[in-house]
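Enquirer: Each chain, written out:
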Amino acid sequence: GAGVSQSPSNKVTEKGKDVELRCDPISGHTALYWYRQSLGQGLEFLIYFQGNSAPDKSGLPSDRFSAERTGGSVSTLTIQRTQQEDSAVYLCASSSRTADNSPLHFGNGTRLTVT
Amino acid sequence: AQTVTQSQPEMSVQEAETVTLSCTYDTSENNYYLFWYKQPPSRQMILVIRQEAYKQQNATENRFSVNFQKAAKSFSLKISDSQLGDTAMYFCAFMKRGNNDMRFGAGTRLTVKP
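Quick note, the sequences are listed as chains A and B, same order. Heads up, the first sequence is in our numbering, so the first residue is 1 and it goes up one at a time. Heads up, the second sequence is in our numbering, so the first residue is 1 and it goes up one at a time.
Hints in this document: simulated from the structure, not taken from any laboratory. Glycine included, each C-beta is placed from N, C-alpha and C at the ideal position. Hints are supplied without guarantee of correctness; some may be wrong.
Stated by the list, open to error - Covered stretches of chain A (in silico footprint by chain B; criterion: 3 or more residues with CB under 8 Å from a CB of chain B, positions within the stretch not fixed):
1. 51-65
2. 82-96
3. 102-109
Sequences and hints are given; from them, build the entire structure.
Expert: Next up, the structure:
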């Protein structure tokens, strides 16, 4: 079946503008994660959604970052008033979470460049 | 907090040879999971292998195996008979049992040379 889909694949924006990044998880996956991958760095956890539970927002770096997940499926990560340090690849992953160690299935990411 | 350290930013290996990627982690937890993910140039992360901390036996998936040393908090990945398609970034990851937060290392860029 279809994997995790992210759009756009690349986004260039001017400093100060808002951006929205979209993630379509694998159908039926209840868990959805957002990560940020900066050049030369590992993956930084941003936020986690699990079913109808309140999301775990502990990784969001500032109040300029927010995310929502509508109907338990599609998720949107919004970055307001973008800064140059926000430039990174933003990866979305979903998981069935049938067990603690259920693997994460990742999308191809959105490369965000803030000029 | 858990941290994951990959001390080898880049490595290379000749096709058909064996290579070992290092990973260490720091945690006070006893129940957790460890993972190795591969990220080829296409950017899509793919699970390579996973290990439950309560299992003493090292996980193996075809040409991929791990050396899990719980006391030393070490979790290295061995790739045997390296293939050109193994060229990728490899990330080690840690997840506490029952927790949502998967922590990743900075990655090791592996190049398999023909």
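Enquirer: Next step is simple, just say for each hint if it's right about the structure.
Expert: Right, here's what the structure says about each hint:
1. 51-65: holds (count 3)
2. 82-96: Answer holds; 3 residues pass the 8 Å Cβ test.
3. 102-109: Since 6 is at least three, the answer is holds.
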